[in-house]
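Participant: Hints are included, so try docking the two chains, each in its own frame, into the full complex.
Protein chains in written order, with my numbering: chain A, 58 to 674; chain B, 840 to 1067.
One thing to keep in mind: the hints can contain errors.
Which chain A residues face chain B? A few, computed with CB under 10 Å, are given here [said to hold, decoys possible]:
| id | residue |
| --- | --- |
| 1 | 58 |
| 2 | 66 |
| 3 | 147 |
| 4 | 387 |
| 5 | 391 |
| 6 | 393 |
| 7 | 395 |
| 8 | 399 |
| 9 | 478 |
| 10 | 479 |
| 11 | 550 |
| 12 | 553 |
Looking from chain B toward chain A, a few residues come up when the C-beta cut is under 8 Å (computed) [unchecked claim]:
| id | residue |
| --- | --- |
| 13 | 910 |
| 14 | 914 |
| 15 | 917 |
| 16 | 928 |
| 17 | 932 |
| 18 | 934 |
| 19 | 946 |
| 20 | 948 |
| 21 | 949 |
| 22 | 952 |
Chain B residues, not near chain A, derived (Cβ > 10 Å throughout) [claimed, not checked]:
| id | residue |
| --- | --- |
| 23 | 856 |
| 24 | 1048 |
| 25 | 1062 |
Calculated from the structure, these hints are not laboratory results.
Values in this document were obtained by computation on a predicted structure and should not be read as measured data.
Glycine included, every Cβ here is placed at the ideal spot set by N, Cα and C.
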Amino acid sequence: MFKINFKIALRNLLKNKVYAAINIGGLALGLTAFVLLLLFINHEKNYDQWDTQLEKVYQIREMHDFFTPDNKPHWQDIGDSRIANLLTEKVPQFKHVTKISNNWGNGYSSIKVAQNEPVLQKGFRDADSSFFKVFPYQFIYGDEKTAINKPHTVVLKQSIAKQLYGTDKVLGKTLKLVMWRNDPGEEYTVTGVVADPATAQSVAFNAITHSGNREKDPENPGSSNYCQIYALANQALDTASLNQNLLKVYIDFKKASFAQRKINFADYYKEGKKPGLMAFPMQQVHSNPALSSGWFDKIKPIVALSIFLLLVSVINFVNLATAQSVQRAKEVGVKKVLGAYKKQLVMQFLVESAIQSLLALFICVALVEVLLPAFSNHFEVELSFWRSKQLFSLVVQLLGLFVLITLLAGFYPAWVLSKYNPVKVLKGNYESGFKGMALRNGLVVLQFIIAVTFIIGIGVMQMQTSYIAHKDLGFDKSKLINIATNYDDNFAERIKKIAGVQYVATTTQVMGNAFNVPQKITYKDQQFDINTVTVSMDALPALGAQVVSGRIFSREYKQDTVNTAVLNETAAKLLGKNIVGQMYKSGEGEHQNAFQIVGVIKDLSLIHISEPTRQYS
Amino acid sequence: MIELKNIEKYYANKGVKSYILRHVTTSIKAGEFVSIMGPSGAGKSTLLNILGMLEEPTYGEYHFMGEDVTALNERKRIELYRNHIGFVFQAYHLIDEMTVAENIEAPLLYKKISSGERKSRIADILDRFNIVAKKDLFPNQLSGGQQQLVGIARALVAQPSIILADEPTGNLQSAQAEQIMDLFKKLNEEEKITILQVTHSEKNAQYGNRILNIEDGVIKEDLAVAVR
Ligand SMILES: Nc1ncnc2c1ncn2[C@@H]1O[C@H](COP(=O)(O)OP(=O)(O)O)[C@@H](O)[C@H]1O
Ligand SMILES: [Mg+2]
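Same shape as in the complex, but just chain B (with noise of 0.2 Å):
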């Protein structure tokens, strides 16, 4: 599903290169669910912002799904992120002028989705999530385990082949963050839904079954979690 090949990044500040990213190459197939790890300031959301398109190598391929996405324009590339890849933010970056049902209806507004489908999908995922009841309320009016649970609902409810979440359990307690990590193997092993996380947690990592541990830009170690 993704092949990186040499991908390299570096910020040019006063003729000095500073690398965040140096050769980075692996691969990952559809329906794994990979954690990167590694310690702060080791490029791992600029890896994660790269798979994510949001971001451009400096230097490297990059496929996703069969395409070259160096080679596609602007355009093109915000199509194949919008149809395939859900984002799942730290901060949860929900919009706060907008209810719950309305920032889990967001995504499908820009994918030209019917009205009739958008509510029953969006229907549908509050049900599975079990927010109902906070369908009409505003970011601000839920906890933080609550608001991340509608970032994973919005970045589902478009139905991606995979969900990049930078640190999705950063800003929770342990107990809220375990209910978000059974939620990703759950989606990933009932719905074969490619799930790639950055977490500093290896508690969090253990939920996945590959860990890629990222030092200085570079990819230090590529382990098979162990089935339990």
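The shape of chain A in the complex, shown without the other chains (with noise of 0.2 Å):
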């Protein structure tokens, strides 16, 4: 029986080719964009999953308010670093206790092998002796044991090794590392070699270096050094007590800190500032960071998305399968009156359907093949799908989807199939299959209301996106390119050599950036807050100012060196009329300074407008 309704099946969609196509392209789309996010939802699921010890590893949060963006306490990942001794001292249950150097920055170091050029690497990260006690990785070369216990080693990973020397086989190798411009750099030993784990890891690194600096907490009890704290349990905690017992231990820690650096406890926690220690399961890391929210808060748009069009491309199906129904009324009456049961046929029209999910599902995974990586590269995640390491779970689930798939959309057609009368259809009657027609236009609708929401959703994003690719900023941003760094005139000077390179300059602020240094100015006794930046000679021509009044700076006035500001007009319109060449003064006391206005721009950045722009050289 299931052979010749398979039969009947494949002839009908044969027959009806561009129902077909349409039917199973729909559903491909939908299941498409599913899977997608079915593979990014198993990727952030099994962040920190690759070996069952770490089911007792817990990062430490340390409660402080340096580094926040709101200059408010909150939960950290990163802590003093003493906090580490103390709880190797003063926490029994924890084996070992690791310290690892915050991603500063962008996290990019410059490597150097032998007499390559130097390239950039991200996640050279340094740490103490017990990081591999701490973190189970596998060694493929080297003893994690002692790999790390001298100064200037480095642990790598087998996929960085390779890419590095083209061989995992360096062990006795040197790599220089140099942190920042004008960093002699250093010279490392390659001492081990680790496997790739098979999931993501939240304390994510190409390369562990051991340089011996996270050995040593800072003498002065008054400075503290920064970094990220790890611990292994000897066996998974119960953190509630645990979380208690850490904070007695912090408190009396920051006691005798405070006691010495002759500061009261109860000055210094006041006012909503309360001191705090907490051990964080590392398997729950990925998903609850310390300061953002965690991966699956930033996707739930996404989520919504792309069951919302699954769900589309479901309902399409029904609506359609239902349509079609009517052609297939007088086999179901037919096959009624030779004894079919109802039972029977729905089993029949389920396999139907099945059979046009599984071919969905093909499509959908070559689909998903060409889509990923162009998925991946902007969700910023190695996904993989027929390499994928879990690809049994991930087949399971794909079973599942397909099952699901096949009863929400063939259940309701079949259903409706099932239930014609013989005698009316076999009359040429077929009045019932017009039963469904409430339900079907209902789909409609659901149908329509989710795609004109999808419309209007992509115009809105549309708009938004067209408006900052076009807004006027002020600047010719195409021209121009932006470098992170300390300025130094000797590194100034070498781009400037660069062929095409016409101007060279430093800002303190990232045009068409947030991140402002508010001022309150004196001009003619009167008070302002304005926002400044502070900008050498050639950034005002750099960035293609234009000129309202006055001038901008320029090498041919000799005052322009020190103590001359160009206001925007935001600015200058706040301030009066006929302003340039009037003095303004800044700052309080001994570090009080003139400015003279020599000049008004146009707005230049992207900030709120309310806000002007000062500059000084």
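Facilitator: Below you can see the structure in the form of structure tokens.
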């Protein structure tokens, strides 16, 4: 029976090719979006799941207000390096505690291998010698117990070893690590190569360096070294009671430290400021990162989007299949007369839906393969499908999806079909074929609403992006390159020598960004709040600033090297008329300076138009 | 084999009952070849559908091989007609997406008959009806007469005790019609299959041994056909 039903299904699909193409194609599209989402969710959920030991690893979070965007205390995954020693001594449940340098800045360092040109690499992180005791990376070469015991040693991941040296047999080879410009660099010896784990890691690295600096804490009790701290416990612990203990240990530590520094504990922790230390299970870190929202919160809109997309394609399928069912009425009638049970007919039509969703699934798999590189790139994750190390669980999920889609899409049409009254149908009276009209109309309306919502959403997004893309920033960004680094004359001169470089200039604010230095200035005995940017001589011509009145900074005017200012139009309006040539004061006491306003330019930045820009050199 | 007592069928439309069948009481014995005749709209097809258990009478008693049909649940009823009744339609009603052989096989699939048995029965009947060469063709590749042959083959393959045929030759030319009628007669005489056909043709009715004349839902005459 299955064989003949299968044949009938194929013959019907071949007979109605356009219908089949729309149905299967639509379903394939909806599925593709959903499967991509599924891959992404799998990837995110599998963070830090690559070894069972990670169940016993904890991220140590400290409550403090350093480096927070709002200057208020928050739980942070970077803490005082002294905490590591404290935990080793005072918390017996922790077998090993390790300190890892935070990824400051953009996390890049310059790596020079032998006589090769130096290359920029992410994820060269400095750790103390306990790192591989806490994180159970599998050593392909080298000894995990001793690899980073000595200063100036480095353990590479296999992938980066191959990338840098072309091979992973690199034990004993050296590389030079340059952390910032003018850093003479330090030489590190490769003492280990570890395998890349199967799943993503929240303590991501390409290489773990051991400079030796992580081993010691600053001697001055008033200064601290901030780093990430991870601890390996004897067993998975009850964090609630553990954290009570940690807090006690931390308060004792702070009190001792404050006593040394003659700070009153009660005075320090007031107005909502509280001491805090806690251990956070490593495997939950990725979904609950300190200071930012978890991955799931971030992709909620995308989850909704792909579910809706899948829903639309399923509705489309249901509608077309139900509309198509009139053509199958005779078959149903005859089969009933021949003695088919309703159940058998429902099964037959479910099998037909199954065939179509299976075809859709195949197309979807192909589409996913094609789209995955672009998708991975866009979301900055490494997703893979066939090469996925969780292929089995993925296949199980796809099968589940297949069954769900088949039932969702196939059940209603199958039910409608199997309900046909054979006598009416065989008399040529298809009335009953339209009983499902109300539901179909409802589905079409729902589909329409979802589609229109999509279209409006896309329209709004389009308008926003085009607003940002086409907004007149006041400068020509197509010819500008921004390098985030410390200013250095020698460096600037060398850049200037590169062919095609017209101006090299520095600003304290990236144009188009909203990171401001607010200042109070006094102009004609009145106080004004304005935002300031300090620039070098060539900055304004480099930005293509358009002069409204007066002039911009120029080498022809000696006094321009210090204490002159150019205002933008908004600031100029704030201060009043005829301001070119006038002086204003800023700062207080001995730091007070007087600036001469030499010109007014058009507003430059994207920042709130009410915030004037002031430049001096 | 069939006992009808006071069968009534009406459709209620806006409170008005329109009767299709009234006081139909008759019995049909195994081995009979009965022709139902009457003007269009008289209720012949309705009667046949009730006998075939595709429709339920509004009122009355129907016993089929001793079973009270109106008291059966749907599943039992389907089982009963699946095992004992073969249908032949005026418009043939073959399934378009199935080949001749597959169409003939269809009723056997629902009877849970083994694949070997199915094959031999199909081969047998194709042979008997002289349509072996056509077994892989689709219905739209056959003439009307050939389609009706397949329709009858499909009804017969499940080895029913009774065949219900609603104007089986209504769409056929007379030569083809004669062939079908001869076949019915042969089946009735040689294989003792009970046949109940609806027909408009006096000539076709003569092939059987009994004629029921229906007018306005009432059996007006019940005649035996003179043996020729
Ligand atoms: N579902 C229905 N509702 C109302 N009247 C019906 C329905 N089905 C059939 N009829 C009527 O019943 C009468 C008998 O129909 P039918 O048994 O097909 O007649 P025959 O086969 O003798 O030509 C016809 O007048 C037809 O219009
Ligand atoms: Mg009729």
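Participant: Of the numbered hints stated earlier in the document, which are not met by this structure?
Facilitator: Violated hints (numbers, rising): 3, 11, 12, 13, 22; every other hint is consistent with the structure.
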